[in-house]
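Participant: Below, each chain spelled out in residue letters.
2 protein chains.
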Amino acid sequence: MNGAQALIRTLVDAGVDTAFTNPGTSEMHFVAALDDVPEMRGILCLFEGVATGAADGYGRMAGKPAATLLHLGPGLGNGLANLHNARRAHTPLVNIVGDHATYHKQYDAPLESDIDSIASAVSGWMRRSTRPEDVAADAADAVAAAMGPPGQVATLMLPADVCWLPASGPASSAPHRTRTQVGDDAVGSLADVLRSGEPAALLLGDSAMLEPGLRAAGRVAAACGAKLLAETFPPRQERGAGLPAPERLGYLAEFAQAQLAGVRHLVLVDARAPVSFFAYPDKASYLVPDGVEVYTLASKDDDAVAALEALAEALGAPAESPTQAAFRPDRPTGALNAETLAAALGALLPEGAIVADEGNTSGLFCSMMTAGCPRHDWLTLTGGSIGIGMPLATGAAVACPDRKVVNLEADGSAMYTLQALWTQVREGLDVTTILLNNRSYAVLNMELNRVGANPGPAALGMLDLTRPDLDFCSLAAGMGVQASRATTAEELTAQLERALAEPGPSLVEAMLPPTL
Amino acid sequence: MNGAQALIRTLVDAGVDTAFTNPGTSEMHFVAALDDVPEMRGILCLFEGVATGAADGYGRMAGKPAATLLHLGPGLGNGLANLHNARRAHTPLVNIVGDHATYHKQYDAPLESDIDSIASAVSGWMRRSTRPEDVAADAADAVAAAMGPPGQVATLMLPADVCWLPASGPASSAPHRTRTQVGDDAVGSLADVLRSGEPAALLLGDSAMLEPGLRAAGRVAAACGAKLLAETFPPRQERGAGLPAPERLGYLAEFAQAQLAGVRHLVLVDARAPVSFFAYPDKASYLVPDGVEVYTLASKDDDAVAALEALAEALGAPAESPTQAAFRPDRPTGALNAETLAAALGALLPEGAIVADEGNTSGLFCSMMTAGCPRHDWLTLTGGSIGIGMPLATGAAVACPDRKVVNLEADGSAMYTLQALWTQVREGLDVTTILLNNRSYAVLNMELNRVGANPGPAALGMLDLTRPDLDFCSLAAGMGVQASRATTAEELTAQLERALAEPGPSLVEAMLPPTL
Chain D
254 MNGAQALIRT LVDAGVDTAF TNPGTSEMHF VAALDDVPEM RGILCLFEGV ATGAADGYGR
314 MAGKPAATLL HLGPGLGNGL ANLHNARRAH TPLVNIVGDH ATYHKQYDAP LESDIDSIAS
374 AVSGWMRRST RPEDVAADAA DAVAAAMGPP GQVATLMLPA DVCWLPASGP ASSAPHRTRT
434 QVGDDAVGSL ADVLRSGEPA ALLLGDSAML EPGLRAAGRV AAACGAKLLA ETFPPRQERG
494 AGLPAPERLG YLAEFAQAQL AGVRHLVLVD ARAPVSFFAY PDKASYLVPD GVEVYTLASK
554 DDDAVAALEA LAEALGAPAE SPTQAAFRPD RPTGALNAET LAAALGALLP EGAIVADEGN
614 TSGLFCSMMT AGCPRHDWLT LTGGSIGIGM PLATGAAVAC PDRKVVNLEA DGSAMYTLQA
674 LWTQVREGLD VTTILLNNRS YAVLNMELNR VGANPGPAAL GMLDLTRPDL DFCSLAAGMG
734 VQASRATTAE ELTAQLERAL AEPGPSLVEA MLPPTL
Chain F
254 MNGAQALIRT LVDAGVDTAF TNPGTSEMHF VAALDDVPEM RGILCLFEGV ATGAADGYGR
314 MAGKPAATLL HLGPGLGNGL ANLHNARRAH TPLVNIVGDH ATYHKQYDAP LESDIDSIAS
374 AVSGWMRRST RPEDVAADAA DAVAAAMGPP GQVATLMLPA DVCWLPASGP ASSAPHRTRT
434 QVGDDAVGSL ADVLRSGEPA ALLLGDSAML EPGLRAAGRV AAACGAKLLA ETFPPRQERG
494 AGLPAPERLG YLAEFAQAQL AGVRHLVLVD ARAPVSFFAY PDKASYLVPD GVEVYTLASK
554 DDDAVAALEA LAEALGAPAE SPTQAAFRPD RPTGALNAET LAAALGALLP EGAIVADEGN
614 TSGLFCSMMT AGCPRHDWLT LTGGSIGIGM PLATGAAVAC PDRKVVNLEA DGSAMYTLQA
674 LWTQVREGLD VTTILLNNRS YAVLNMELNR VGANPGPAAL GMLDLTRPDL DFCSLAAGMG
734 VQASRATTAE ELTAQLERAL AEPGPSLVEA MLPPTL
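Taken in order, these protein sequences are the chains called D and F.
Numbers 254 to 769, taken from this note's numbering, label the letters of the first sequence in order.
Numbers 254 to 769, taken from this note's numbering, label the letters of the second sequence in order.
Incorrect hints may have been included.
As the list claims (entries may be wrong) - Selected chain F positions facing chain D (Cβ under 10 Å, derived; list incomplete):
#1 333
#2 383
#3 386
#4 508
#5 512
#6 513
#7 538
#8 668
#9 671
#10 724
Stated by the list, open to error - Lysine-lysine pairs mimicking DSSO-like chemistry, simulated, CA-CA at most 30 Å apart:
#11 D/358 <-> F/553
#12 F/536 <-> D/358
#13 F/553 <-> F/536
Claimed, not checked - Partner residues aside, some chain F positions facing chain D, computed with beta carbon under 7 Å:
#14 330
#15 544
#16 545
#17 546
#18 547
#19 548
#20 552
#21 672
#22 699
#23 735
Simulated from the structure, these hints should not be mistaken for lab results.
Even for Gly, the Cβ is constructed at its ideal location relative to N, Cα and C.
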């Protein structure tokens, strides 16, 4: 057994049986070992940003890590933006970065680079395997580290010779930490605060955004009248008719501040006190209004669900709480715009769907118009680095082969990691992409005004995606994806219905106006 | 004048008048300032790897830096692979990375990350502008640092508030270092060695690969009978009929060792002693055979051309030396394969062309079959990180608008930074892409065997680019590039001739067999 075989066997034994790969020469023994450990599913991606974003989507849905396989420092660089998003999502992810053989590094060959420095920016845990007798144990430690809590990116740097030499292993799975239980005293103090009757809000994030947390939070809210808020960009939200529906804080600082207006007590539940996404001249960065008391019920390592349940009990909450009513908008007619697009999605979203949302400006109404749809999951852009939607959808579809994945994808963002479509075809993934083509970096048009800049034609040219127009039907066809173009609400609805009815990848290009 | 205006004005005054951009919100004041300093040409790229690779191509051809404009740590990550290549090419490049406002960083907003660590892996110089009164001087220092010698990536981290606040400036250009002159003693000692008559070779790199260095090296070789070798992947080689033609060392270690066999004295001229690109089990990493004496005539900071000229004089060399004879292959007929493709290129390459070579395995014969073409430049993949060809061609075309750029582009590599085609259309760049579609990561098939791995179907699937086939004509059309597909040598020749005859971007997809 060589190092690569010991490594992969250890990963599989620990439940990590999916690897999103973009290998090079230094990873060839890992690649060869895929045949020796057939339980590991290797999924080829044509760009590393697809591999890392897919591993994020997989980890968010599976609740366990996928592995990546990246080629040296430059491959890690190509995957870095979506690892950044995964870091912000607290996704469990085993990030494997191949490296030159240990003895080869001294020669500073062309692909030599400082992998450690690059990896440090996104990794909660990192280690370089330097001996074949250690690699299996290193892999087991990487999986345990990735599992957290909270989940995190665990980067294992893997020299080529450590893979090809005879190795010890496989290693037994290492235990990972479990969530800390919040003490009764802390829960009791917060119950006292909430019993005061003063205006309060719970701000839910991360692990509190799945059904158990939402139900417990709903009970707390029902008992004390607190408002249910959620962080702006949750990694994964279970939502739809029959579930409590927290109100996500707005992206724009003014919106978030309005949502917090009048609140006296703000209780953080695996969430952070809200800050502005960007700084703007003469605007606040910290968005909690003066006079609001901020409390933490559960921090990111804590068992937020148990803490919410204990709080509900302490407040004598009812067993059930109000939930989102079932509602679907009518099939839209007329002009295709952000509102009719959202209505079409709301009219058609299948039960059990997973929505990978990188719709940005043109997707603004989609969340609202699907709130009352049958139960589904919603994945967002946690770290602000665009180019995640298509990979995220890809990984979610691998993790949940029996569910329909809908990717809301803005045109500008799509162009970062479009290569994901190829992997969707190769793996036969059930992803329907709604390509929101408004021919603009529309969010930047808004931001250009908000930062107080006074744009002329040169500046506006930097935000404009015409000259030439992008034809996403041609781009999709180039990677084997069936695609169609919709220019009216009726066309979009009909094409989306058809796409959702058929298994396998498809793309509907929605031609939208340049601004909301 | 705000910081952004002071910065851009300083860059322009220092000769940096081209910026390849992919901005976000934190860069909006830079973008707005493009209208205030119209001498700066902002060129939008749809992905940061395009921006950095284009800046590399520009710098190699212009001999002065272009700027980039990247969005925070993730944007830098997306551009990192081609910055790695630029670092290996010693390209002068001013890499501008926007950051959150100085006071905003403490809030750890979603896009906050450790830019310094990421940048350190590719930057020969880096600085964070922290005050608007410093930003102009920082920009001048960045340009001077980028100019070297040798050229390097100078990274300037640029907080948003430093851009929007009132600033001092612009700043005067800072002097940059000049190349060190090699002493007469060192030249004299080497002349003594070469006069011995023992078998010798000059290994040329970087600054010795343009006409003045080649002619001086040719004279040295003519005087003492030394072999003229060149490094495997030079940043830019002037070549063609009438110029001395060094023999580039082979990529495979065995080839390079064969080329060095029998050599007794190896003289490095702005080149490094050859090492294997990758390590392989039981093969050497350091490729200089035992018993070869290695000397350095000029290191990377030295004036290699002057040193070569001094050496030629010391050896009493003739004023002229043998040069490459004019030669063009016949227009090929029959099956389209790596050899007939190379013949078509050799038959048609226009005088003054710039070849951006990321042809990899299928492009193997192109260098040989164009050696006797009229004068042209050849740009290679210096750092081994694939995905540079299309951006490199883009930047070269911006730097040299009167010359034809030919991009030899392998299919696997193309899929990393395909978005460059869009910029080629927007800017009306005269780039003809020859897309070498062999439906495989062919180099990895070779490497998989070379590392001694024994591949099964799972491994081979990781190297295979079928299922689905990529249709580069559709992909190009999706970004507005005229494209055609060639399946025979005659078709390729006719299509290439047509593409070269017309200005503006075009793409010819050459359907090649999967192996050489």
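Participant: Hint check: residue 536 of chain F vs residue 358 of chain D, CA-CA at most 30 Å. Holds or violated?
Facilitator: Answer holds: residue 536 of chain F to residue 358 of chain D is near 15 Å, not above 30 Å.
Participant: Can you verify the interface hint for residue 383 of chain F: is its Cβ closer than 10 Å to any Cβ in chain D?
Facilitator: 15 Å, violated
Participant: With 7 Å as the cut and Cβ atoms as the points, is residue 735 of chain F at the interface with chain D?
Facilitator: Hint on residue 735 of chain F: violated, closest Cβ of chain D at ~11 Å, above 7 Å.
Participant: Per the CB criterion, is residue 538 of chain F less than 10 Å away from chain D?
Facilitator: Holds - the Cβ of residue 538 of chain F comes within 10 Å of chain D, reaching about 5 Å at its closest.
Participant: Please verify that hint: residue 544 of chain F, Cβ, nearest Cβ of chain D, below 7 Å or not.
Facilitator: Not OK, violated: residue 544 of chain F not within 7 Å of chain D, min 19 Å.
Participant: Should the interface hint for residue 333 of chain F be scored as holding, given a Cβ-Cβ cut-off of 10 Å against chain D?
Facilitator: With a closest approach of 3 Å, the residue 333 of chain F hint holds.
Participant: Min Cβ distance, residue 386 of chain F to chain D: is it shorter than 10 Å?
Facilitator: 17 Å, violated
Participant: Is the interface hint satisfied for residue 545 of chain F? The criterion is a beta-carbon contact with chain D at less than 7 Å.
Facilitator: 16 Å, violated
Participant: Can we keep the residue 508 of chain F interface hint, with Cβ of chain D closer than 10 Å?
Facilitator: The hint is violated - residue 508 of chain F has no Cβ within 10 Å of chain D, the shortest such distance being about 16 Å.
Participant: Does the interface hint hold: is residue 513 of chain F within less than 10 Å of chain D, judged Cβ to Cβ?
Facilitator: 16 Å, violated
Participant: Let's test the interface hint: is any C-beta of chain D closer than 10 Å to that of residue 668 of chain F?
Facilitator: 4 Å, holds
Participant: Are residue 358 of chain D and residue 553 of chain F close enough, with their CA atoms no more than 30 Å apart?
Facilitator: Holds, at roughly 21 Å.
Checked against the numbered hints above, the structure violates hints 2, 3, 4, 5, 6, 15, 16, 17, 18, 19, 20, 22 and 23; every other hint is satisfied.
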